[in-house]
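Asks: Listed below, chain by chain, are the residues.
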Amino acid sequence: MIAFFRRFNALCIAAALCVVYLVGIGLARFIHLFSERKNNSPVSHWKLSHDTQDFEKLSSPY
Amino acid sequence: MNILGISAFYHDSAAALYIDGKLVSAIEEERFSRLKHDNTFPFKAINYCLDSMGLTINDIDVIAYYEKPLRKFERLLETFVITYPFALRPFLQTIPDWLGQKINVEEILRKKVGFSKKIYYVPHHLSHASAAYYSSSFENSAILTVDGVGEYQTTALWKGQKEKITPLKSIDFPHSIGLLYSTFTAYLGFKINEDEYKIMGLSAYGSPKYVSDIYRLIDIKSDGSFALNMKYFSYRESFRMFSDAFIALFGSPRVPGAKVEKRHRDIAASIQVVVEELLFMMLNHLYALTKSRNLCIGGGVALNALANGKIYNRTPFRNVHILGAAGDSGAAIGAALYVQRKVGKEVSKSQITELYLGSSYSNESIESLLRCYPKLTYKKYDNESDLLRAVVSLLVKGKTVGWFWGRAEYGPRALGARSILSRPSPHTMKDVMNTIKKREEFRPFAGSVLQDHVHEYFYSPEKKHYSPFMNVCLIVRENKRKELAAIVHEDNTCRIQTVSAKNGRYYRLIKEFYRQTGIPCVLNTSFNVMGEPIVEHPRQAIEDFLHSYMDYLVLNDFVVYKSNR
Chain U
0 MIAFFRRFNA LCIAAALCVV YLVGIGLARF IHLFSERKNN SPVSHWKLSH
50 DTQDFEKLSS PY
Chain F
0 MNILGISAFY HDSAAALYID GKLVSAIEEE RFSRLKHDNT FPFKAINYCL
50 DSMGLTINDI DVIAYYEKPL RKFERLLETF VITYPFALRP FLQTIPDWLG
100 QKINVEEILR KKVGFSKKIY YVPHHLSHAS AAYYSSSFEN SAILTVDGVG
150 EYQTTALWKG QKEKITPLKS IDFPHSIGLL YSTFTAYLGF KINEDEYKIM
200 GLSAYGSPKY VSDIYRLIDI KSDGSFALNM KYFSYRESFR MFSDAFIALF
250 GSPRVPGAKV EKRHRDIAAS IQVVVEELLF MMLNHLYALT KSRNLCIGGG
300 VALNALANGK IYNRTPFRNV HILGAAGDSG AAIGAALYVQ RKVGKEVSKS
350 QITELYLGSS YSNESIESLL RCYPKLTYKK YDNESDLLRA VVSLLVKGKT
400 VGWFWGRAEY GPRALGARSI LSRPSPHTMK DVMNTIKKRE EFRPFAGSVL
450 QDHVHEYFYS PEKKHYSPFM NVCLIVRENK RKELAAIVHE DNTCRIQTVS
500 AKNGRYYRLI KEFYRQTGIP CVLNTSFNVM GEPIVEHPRQ AIEDFLHSYM
550 DYLVLNDFVV YKSNR
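In order, the protein sequences belong to chains U and F.
First residue of the first sequence: 0, per numbering that gives the first Met the number 0; consecutive thereafter.
First residue of the second sequence: 0, per numbering that gives the first Met the number 0; consecutive thereafter.
Looking at chain U on its own, in the form it has when it is part of the complex (with noise of 0.2 Å):
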């Protein structure tokens, strides 16, 4: 019984989260297709690091 709950329950998670990628990555590839920018520069793929390491930042998992 607690198997097939288990079972269950990781079912109804796949499902939720099929709806979550159809819908809500689906949606958000949606708005990124128009907001895409090809920034690709003839001379360089070096992106520029800009010294901005605030300290107290760090202290975010972001």
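Not one of these hints is a red herring.
Listed next, the in silico DSBU-like pairs over lysine-lysine satisfying Cα-Cα at most 30 Å (straight line):
{"hint": "1", "chain 1": "F", "residue 1": "Lys290", "chain 2": "U", "residue 2": "Lys46"}
{"hint": "2", "chain 1": "U", "residue 1": "Lys56", "chain 2": "F", "residue 2": "Lys161"}
{"hint": "3", "chain 1": "U", "residue 1": "Lys56", "chain 2": "F", "residue 2": "Lys21"}
{"hint": "4", "chain 1": "F", "residue 1": "Lys220", "chain 2": "F", "residue 2": "Lys290"}
{"hint": "5", "chain 1": "F", "residue 1": "Lys230", "chain 2": "U", "residue 2": "Lys46"}
{"hint": "6", "chain 1": "F", "residue 1": "Lys309", "chain 2": "U", "residue 2": "Lys46"}
{"hint": "7", "chain 1": "F", "residue 1": "Lys43", "chain 2": "F", "residue 2": "Lys341"}
{"hint": "8", "chain 1": "F", "residue 1": "Lys117", "chain 2": "U", "residue 2": "Lys56"}
{"hint": "9", "chain 1": "U", "residue 1": "Lys56", "chain 2": "F", "residue 2": "Lys101"}
{"hint": "10", "chain 1": "F", "residue 1": "Lys341", "chain 2": "U", "residue 2": "Lys46"}
{"hint": "11", "chain 1": "U", "residue 1": "Lys56", "chain 2": "F", "residue 2": "Lys111"}
{"hint": "12", "chain 1": "F", "residue 1": "Lys462", "chain 2": "F", "residue 2": "Lys481"}
{"hint": "13", "chain 1": "F", "residue 1": "Lys261", "chain 2": "F", "residue 2": "Lys230"}
{"hint": "14", "chain 1": "U", "residue 1": "Lys56", "chain 2": "F", "residue 2": "Lys341"}
{"hint": "15", "chain 1": "F", "residue 1": "Lys398", "chain 2": "F", "residue 2": "Lys35"}
{"hint": "16", "chain 1": "F", "residue 1": "Lys220", "chain 2": "U", "residue 2": "Lys46"}
{"hint": "17", "chain 1": "U", "residue 1": "Lys46", "chain 2": "F", "residue 2": "Lys101"}
{"hint": "18", "chain 1": "F", "residue 1": "Lys116", "chain 2": "U", "residue 2": "Lys56"}
{"hint": "19", "chain 1": "F", "residue 1": "Lys110", "chain 2": "U", "residue 2": "Lys56"}
{"hint": "20", "chain 1": "F", "residue 1": "Lys163", "chain 2": "U", "residue 2": "Lys46"}
{"hint": "21", "chain 1": "F", "residue 1": "Lys309", "chain 2": "F", "residue 2": "Lys481"}
Stretch by stretch, here's where chain F covers chain U in the computed footprint (C-beta under 8 Å, at least three residues):
{"hint": "22", "segment": "4-18"}
{"hint": "23", "segment": "23-32"}
{"hint": "24", "segment": "42-49"}
Bear in mind the hints are in silico, worked out from the structure with no lab data behind them.
For glycine and all other residues, C-beta sits at the position ideal for the given N, C-alpha and C.
Chain U is already provided as a structure; the job is to place chain F on it using the hints.
Replies: For chain F alone, coordinates are given in the frame of chain U:
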């Protein structure tokens, strides 16, 4: 101030402990869990670091985590958006894992570890850069960090000046040298994030015939920057690294375990050449930016010893420092080093000259363990000189010796604390070692050489070349190749560890070997069998000893024999 550095959830989870600016303990989780490259949260490694210093988690002032998990999760979501609708399966498998624990590092640290003070999240490549630079002896340096991927960055150029590390330029996911190399690792039938070094070994047996094909996968600019043509790669949207277009270009991938053919060897040689070219272009650009002759490299790609050995010839850099644990385990050290400079009072440079930071076991505990093995006989040496003379006489006779001494090494390389040793010649010693280690015949063995003699045996950049962490391959001099026949690879190179007095008993062992043979070098391979992490506990060393063709085992002051030998 006590700072605990942690890396987790990608590969090589680890913990490192700094007390008042000194690195006192560090160990990878795999040593305890016995899962190679274990990526689970390093509870056991943390416990070891604390226990070894008689501390509890309440004694830790700050925890430094080696990346920013939320930013990494953001990159993951962005990738799912970009690859929509082709990544449903990876989405279903990855998201629960992330939401379950990977994103909740703070919760794990608070609830499961019981830590209640400040936590800092140091960006992944900054952790690598800190590990590389702050562990060096340089007052200023160019810094390159290059790996698979961190949060977004895969490659970054930095400048170190005194205590400050300044970011210069970077390249973001999905464009990654680490992932490019891993793609070929997977294509050639090996495990990614684990077997990359096998490709490096295999490359010596091939011709770089596929270089022009590989260049079709990459757009390289003259400043060493690059972008991968994602048509050939599928690691963003699936668990397979390469796409059908990649297979159309290079042919069918090798099935794991299948025979390694000439085509595979040639492809391995080709990807090694391309990666080296790319790295050297990048390094030359980095030199142009920094004008420093000193170079520090961090990140998993820094473990490519073959490329590292050519830096002196192909770039203007004259002093190169690469920490032994250049990959993610070392990032735990890097995160701690960075935070230490910001919150601690200790701001002086903290050069790391040896990595014996792991567990150790007393003679008493070893002896009581040995008594449980009736198949073994052993002899305890009270005098170190007698022990070394006895061990060297075994090596001279061509015997293989498991060498378990003192504290374990941190990082992927055995540096003479958990090693299997033999004399470096004749060539057949390589076959003997391959039998013991149960590994592929194409893989080379490394050598530990006395630092004062490195120039006599290898084409080294300077007379007393310094490679204490075994991450450089050098060409063996023609007149010495016979003496080192078991460790000279097909391309006449050898991965070397330079050994000095800092290596303690291991140094004295090689000195004794030199005294008895005139050869200042021994073959050194990690004390493990294929697929397992390096041994951590004497019991594991004994089990490996009993179940292999190893001739003798040295556990601290004990020389152990198989009774039925």
